[in-house]
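S.K.: Once you have looked at the hints, place chains B, C and D with the ligands on chain A.
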Amino acid sequence: MPAMNMIQALNSALDNMLEKDPNVLIFGEDVGFFGGVFRVTDGLQKKHGLTRCFDAPIAEGGIVGAAIGMGAYGLRPVVEIQFADYIYPAYDQLVSEAARLRYRSAADFTAPMTIRSPYGGGIFGGNTHSQSVEALFTHVAGLKTVIPSNPYDAKGLLIASIEDDDPVLFLEPKRIYNGPFDGHHEKPVSPWAGHPMSDVPAEHYTVPLGKAHTLREGKDLTVLAYGVMVHVALAAAQDSGIDAEVIDLRTLVPVDIEAIEASVKKTGRCVIVHEATRTSGFGAELSALVQEACFYHLEAPIERVTGWDTPYPHAFEWDYFPGPERVAKAMRRVMEG
Amino acid sequence: MPAMNMIQALNSALDNMLEKDPNVLIFGEDVGFFGGVFRVTDGLQKKHGLTRCFDAPIAEGGIVGAAIGMGAYGLRPVVEIQFADYIYPAYDQLVSEAARLRYRSAADFTAPMTIRSPYGGGIFGGNTHSQSVEALFTHVAGLKTVIPSNPYDAKGLLIASIEDDDPVLFLEPKRIYNGPFDGHHEKPVSPWAGHPMSDVPAEHYTVPLGKAHTLREGKDLTVLAYGVMVHVALAAAQDSGIDAEVIDLRTLVPVDIEAIEASVKKTGRCVIVHEATRTSGFGAELSALVQEACFYHLEAPIERVTGWDTPYPHAFEWDYFPGPERVAKAMRRVMEG
Amino acid sequence: MKNTQALSLHVPEPQTRPGDEPDFTRLQLPAAGSVERPGISTPALQMRELAYGLIRVLDEEGRAIGPWNPRVDPETLRRGLKAMLLTRAFDDRMYRAQRQGKTSFYMKCTGEEAVACAQALVLTQEDMCFPTYRQQGLLITRGYPLATMMNQIYSNASDPIKGRQLPVMYSSKAFGFFTISGNLGTQYPQAVGWAMASAYKGDDKIAAAWIGDGATAEGDFHSALTFASVYRAPVILNIVNNQWAISSYHGIAGGDQTTFAARGIGYGLPALRVDGNDFLAVYAATEWAAERARANLGATVLELYTYRAAQHSTSDDPARYRPAEEAGGWPLGDPVLRLAAHLIGLGEWSNEQHAAYQQEAIALVRAAGKEAEAIGTLGQSRPEAATMFEDVYKDMDWRLLRQKREAGF
Amino acid sequence: MKNTQALSLHVPEPQTRPGDEPDFTRLQLPAAGSVERPGISTPALQMRELAYGLIRVLDEEGRAIGPWNPRVDPETLRRGLKAMLLTRAFDDRMYRAQRQGKTSFYMKCTGEEAVACAQALVLTQEDMCFPTYRQQGLLITRGYPLATMMNQIYSNASDPIKGRQLPVMYSSKAFGFFTISGNLGTQYPQAVGWAMASAYKGDDKIAAAWIGDGATAEGDFHSALTFASVYRAPVILNIVNNQWAISSYHGIAGGDQTTFAARGIGYGLPALRVDGNDFLAVYAATEWAAERARANLGATVLELYTYRAAQHSTSDDPARYRPAEEAGGWPLGDPVLRLAAHLIGLGEWSNEQHAAYQQEAIALVRAAGKEAEAIGTLGQSRPEAATMFEDVYKDMDWRLLRQKREAGF
Ligand SMILES: Cc1ncc(C[n+]2csc(CCOP(=O)(O)OP(=O)(O)O)c2C)c(N)n1
Ligand SMILES: Cc1ncc(C[n+]2csc(CCOP(=O)(O)OP(=O)(O)O)c2C)c(N)n1
Ligand SMILES: [Mg+2]
Ligand SMILES: [Mg+2]
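Chains as they are written, first to last, in numbering that gives the first Met the number 0: chain A, 0 to 336; chain B, 0 to 336; chain C, 0 to 408; chain D, 0 to 408.
Bound conformation, chain A alone (with noise of 0.2 Å):
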C-alpha cells in the first residue's frame, strides 16, 4: 500500500465515490479546474468531468442550500467551505435545513449530502483561518460530526460520511494535512509517511461513524481527544510517563459512549483536550457525559485542556494553542487530585 498524507487520501475518497457513485458530485470555493486551496479536489475535475466537481460561487449559504436540493433530489453532494472559519453564512442552510428536513417531513424528504472543512490553528492562519467550530454544530439535532486524526481513518471516515443517509459535518485538522503534529512546533516537522495510519488502500473501505479508536491503551488515566489533539495527547503521555489511555473519538455525534464509559470506569480519571474556546466547547459534553456515567469511578476531577476563552491570536499561536506541556501538566494534576 502507498503511504498517503491525508490530502491524498481524502482525494483517494473523493476519486472512489465519484466512480462508484454518479449521484456524488463536489463543488465549493476553488474545488474545481484548480483542485481546492489544499489541494484536496486535485486532478479530480481533470478525471470526472466539469459536472461532477466544479468552481461555486463565494456564498456558503447558497453552497449548502444548493446541497440540499440536490440531496432532496437524489444526488450525494459533497461541497467543501474553504476554511471552517468561513461556515457561518451557511449556519442557517445547514441548522434550521439540512438538519431538519427529515424530521419535518417526517423522512418524506431528505438531504444526504457531506460538507467537508479544514479546520483548527497551528498554520499562523490568525484568527479567520484557525478556528475550530465544532462545539456550534455538535448541539443542532440532526447533524453528525466527524474529524479524522490521520490518513487511513480520513479516507475511512469520509467515504463513510458520503454514504450516509444523514447531513455529515466532516472537520479536516489542516495542521496535520501533511504530517503527524503533536504540538512540539520547536521540532523539526515529519512527514506522514512512516505512519502506520499512512498505509491507506487506494480502494474504497469504510471507517465506521460513531466509533473511537484507542490509540494508547492504559490503565491510570484517560485521554479525551480528536483531530490534531490526539497527537498531542499522545506527546503529552510520552512526556509525563504517565500510563494514560488515549482514545481519538473520531466522531463527536453520536459519540462513542461506550467506549469512554469502559476506559473511565477502568482508569477513574480522565482528561478532556480541544483545541477550540473552552467554555461551552465540546469538552464541556464530554466532561458532562463522563461525570454521568462514570461518578462513583473517578478519583480525580475531569480536567479540560482547550484553547483560551479568546479568538485566535497570529502572534501567540503557541500560547493559544493546547500543546502537550499544558495537556502533561493537566494529566500530571488530575493523577494527583
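There could be a bad hint or two in this list.
[To be verified] Straight-line distance between alpha carbons at most 27 Å, and here's what the computed DSS-like set of lysine-lysine pairs gives:
1) D:Lys-403 x B:Lys-210
2) D:Lys-393 x B:Lys-210
3) A:Lys-210 x A:Lys-265
4) D:Lys-403 x B:Lys-264
The hints are simulated quantities; they were obtained by calculation from the structure and are not laboratory data. None of the values given here were measured: they were computed from a predicted structure.
M.R.: Chains B, C and D with the ligands alone, transformed into the frame defined by chain A:
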C-alpha cells in the same frame, strides 16, 4: 409601583433608554409603527420619532451588520430578532464581527449593541418558533448572553445590557412574557400581577450583568436554571419537598461562578435545567464547571434535565418541555445518589 | 471634498395608515395587453423593460387580450376557478377552526389565489415546487386530499408529518410540494440546487420556488439568483409581492425604489412583472418561464403583483397598521371574480354555476373537516408520542434511544 | 406541460487556461469620453445604462477627455501617482519579506492601485472606509506610516493591533480605515450602518465600502444594497472587479451574464461601471458618488473594472489556473503608466521624475522596513503575551483572569 408584565417592563427599559441617551435607537422587523409582534416596542416610534424606532428589512444579517456599523460610529443600537429561531442568518455578523471587533482592532473599533430576541417554547410554536439558542452563542468569545426570568430583572438587565460596552445577546423567554409559567400546563395561566418581581419602577435602574440570583435557599441540593426554567425549578422544589436551593443565573456569559460554587459546595448536589436540546447545551458547560469547582464536595452525579436531542415538535410540546415532574424526578434521583 | 450639508436618515413609510383613506393613485398600472411578449430565447439584456411593466391579459371587461393571452381552453380555466374557490373555502374554514381553538395557527392566501392555482396547472407533478406558507393553492389545485391538509393543521394521529410542524407547513413529495420551512427564504437556493440536480442528471424536471416581497431581503434570495444565473438552473423564481410583510409595507424591502422583478436584472436573468390577480397573466408568464427552463435556457424571475387581503396569520391584526378599507380597494381586483367574469363573458360559466360551486366547495371542505375532526383536532388526537424521537436521523443513536426510554416510551 | 428535452448542467469556464493564448476579444471596451455624465440628482431609473457602459477619461494617447474628466489639478494627480508608486514599492518589498520568512502572509494589489489611491483623494479622513485586504492604497495615500503597516505585518511589539490579526488586516480609526475582516463581505452592511448612523445624527460624514467581484455572491452584499436603498444611506459601494477570486474567474460570480454594476439596478440604486485602471475615471466617478451621498441623495454602486495582476496572496500560484501572459495583456493597461503618460503629456511629469520617484519610493519603503525590522519580524518580537487576554471584552471576566494566570502571565 405599578405591576408590569415582562413586555411592559422591557418596553419601559427601552423607553427610558431612548429618553436618556440620544445614541440609542431601535430597529428590527415590525418593531416600528406596529410595535413588534410581541408588542415590546409598542408606542416607542410614536413617542420618540420615526428614526429612533423603525422597521427593518427581513434580513437578520443586515440588521446585525448595520447595527455593528452604527455601534462603531458611536451609537448604541438595540435590534430585535423577531424569533431566536431566525437569528441564524445573522450568525456570521454576530460571531465573526460583533464578537471580534474589539479584539481584532485592539479596541480601536468597538460595537456596543444589544440583540433582543424572544426564545423558547411552550407556546405551540412548533420547531421554528420555540428554539433555545443560547448554547450556540455561549461558546463565542466576545459575546455576552443574558436571560431574564421576570419583569423586574428583564428591565434592569436590559438597561444594563444596552449600557454595556460589549455586544450582548438578550434572550427573552417568550412563554413568560405575560405571566410566570412553572410548567404545570394543565393548570390555569397566572398573570404577572401579584408576583413580587412584577413591581417594576418606571424609572431607570439596572440589574448588573454577571450576577446570579438565589431565588430559594436550601441546603440539600442546588438547582441551576434560567428563563422559564427558573419557575419550573421552583415548582419542582415545591412539588418534591426537597430542600433545594434554586439559582437563577440571569447571565450565562459571564456566568456567576462564585454563586454556583458556593451553593454546590454547601449542598453537595446539583441539578441543571434548560429547555434546549441536551447535547452541547449550556448545561454541559455548567456541569463541567460545577464538577471542576466542587468535585470533592459532590455526593451524587450532577444531572441535566433538558429538552431532548430532537427538534421541538408541535404536537409533543409537553413531552419535549422539561416540566416540573421531570425536574423533580431528577432531584429525587440526585438526592438518592 | 468636505461636506457642508447635514445628512438625515430616511425611513420609508407607507402613504396611508389606519384612519387614512387608502390611496392607490401612485400605482402605475399599464393597460391589459400592452406589454410585448418576446420569444423565450431572447437575450435577457434585451428584455429588461419587462421588469418594469405589468403583464396583464384580462381587461376591465374581462376579455383576454394582447400577446400574453395564453389561449387556455375553458375546461382548464374552470378547473382553475374551482381550485381558487375551493382554496378560499378551505381558508375560511380553517381560519374559523383556529378561532374555535381547534388548532394553534393558520394562514390564509385570500386575494392571492391565482398565483398558486394558475401555476399548479402549468407545472407537472414531477416538477418540484418549493413554496412558502401561502401557496396552499398548489396542493388544492392538484387534488391533494383536503382532509390530509387538515390532519396536518390539527397535528392529529393521521398528520402525514407526525405532528412535528406548525400548522400549514405541509410536505408532499408525491405532489411535488417541498416541505415548508418556517425560516423565510431558505427554500430559494434549495430549489436552485434541485433544478441543478435535474440538469446534472440529464432529466427533464424543473423546479419552482416562491418567496414573499418581504423575504426577498434575505441573503438566500441573493445566493439563489446568483447560482441560478451562473449554472443556468431550470427553475422559476417567483416573488409574490402582496405589498405587505406582516406589518411592514413593501417599501421596507426596497419596493419604493424599484420593482421586485428588477432584482432579476442584476443577475442577467429575465424578469417578468405580472398582474398576480389576473389568472391568465399568471398562467401565461409561468408557461413562458417553464418553456425557457425546459429548453435549457435557464431561470426566470417572476414578480407576481398582488395584495394580501387577509391577516398575515391568525396571530395578526392588520387594522393596527393599514387602513381597513385598503384590501377592498385594491385596483387589480379579486382574482376569483376576474376569472369568473372572463369565463362568463365567454359563455363558459354563469353566476348560477358560480354560486353552486361555492356551495359545493363549502360542502367539500365540510366533508373533509368531518373526516379530519373525526380523527381529532389539536390536542385531542396525535401521532404516537414515541415517534417524536424518530427521523432526527435515519437511525436513532444511543442518545435518542436512551431519551426515548427516559421519556417513558 | 411536459418536457421532452434532456436538461444539462452548465458550469461556466473561462475562455483560456494555462497553456492557452490569453484572449480579450470578447471584452467590449467603449472609447474614453463616450459615456454621458448625468447630474447627481437624476433618478436612478434614468441612469441604468451607466451600469453597462464603461466610464473612461484617459484615451489611448493619455489625454483626458469627455464629460467625466474631473479636471483635477496636476499637483493632486502627482500625489496620486506617487501614492500608486509607493504602494507598488511597498507591495514588492513585503512580498519579498514573506518569501524571506519575515512574515506568514502577504497580499499585493498590483494593477489595481488606482482604485484605492484615487478614492483616498476624494474622500476625507472623517469619512469611513470599509475596505477589503486589497485597499492598502487608502492608507498609503493618506500618509499612514509605512513602518506601522509593517509592524502589523510582522506582528511585532509595535503592531498597533497587538499581533492579533493576520498580516495586512490593518485597522486605523484615525485614518478612517475600518478594521479589516477575514470574512468576505461582512464590511458591506457595516458600512451602510455607519453611514446610516451619520445620517441619524445629522452629521456630514459618509462611508465607503469595497468588495471583490467574487465576494459579491455573499448574502451580506445583498443586505447591504437593500439597506442602502431603503434608508438612502450616504455610502459608496465599490465593487472591485479584478476578474479573479483566487482561482475562480468572474463568471463563477455571475460575470458572464451581466456586469457587476448591474446588480445595483435591481435595488434602484445608481450604478456606474468604471475603468478601474484609469485614475481620472475612478476619481471622477467617486467624486460623483460622494456628491450624491453628501447631498442626501443616498448610495451609489461603483464597479471598478480592473485586473488582479499578481497572485491572490503569497499562498497562491496563478500559473496553475490562468495563462501566464494574461496579466501583461490586460487591454486596460497599467494604472501607473497611464496616469504617468497623462501627466507627461501635460508637461507636469517626466520620465526622469518617474524614475527618480520610483527610487525614492523604494528608499522610503526601505527606511520603513529598517525601522520595523529593528523592532522585529514575525516571531522575533511580539507584543506582551499577556495582552492576548485583553480586549475580548472591555473588562476581563473571571474566566479570562483565571486563564491568563493559568497561561503563566
Ligand atoms: C428568517 C426569518 N425571519 C423572520 C421571520 C418571521 N416572519 C414570518 S412571516 C414574515 C413576513 C414575511 O413577509 P413576506 O415575505 O412578504 O411574505 P407574506 O407573508 O407577505 O406572504 C416574517 C418577518 C421568519 N419566519 N423567518
Ligand atoms: C466568507 C469567506 N469565504 C471564503 C473566504 C476565502 N477567500 C479569501 S479571498 C477569496 C477570494 C475573494 O475574491 P474577490 O472577492 O474577487 O476579491 P479579490 O481577492 O479578487 O480582491 C476567498 C474565496 C473568505 N475569506 N471568507
Ligand atoms: Mg408579502
Ligand atoms: Mg476578485
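S.K.: Hint check: A:Lys-210 vs A:Lys-265, CA-CA at most 27 Å. Holds or violated?
M.R.: This hinted pair holds, its Cα atoms lying about 19 Å apart.
S.K.: Just to be careful, I want the Cα atoms of D:Lys-393 and B:Lys-210 compared with a cutoff of 27 Å; is the pair within it?
M.R.: holds, 17 Å
S.K.: Given the hinted pair D:Lys-403 and B:Lys-264, is their alpha-carbon gap at most 27 Å?
M.R.: holds, 25 Å
S.K.: Are the Cα positions of D:Lys-403 and B:Lys-210 separated by 27 Å at most?
M.R.: holds, 22 Å
The structure fails none of the hints (numbered hints given earlier).
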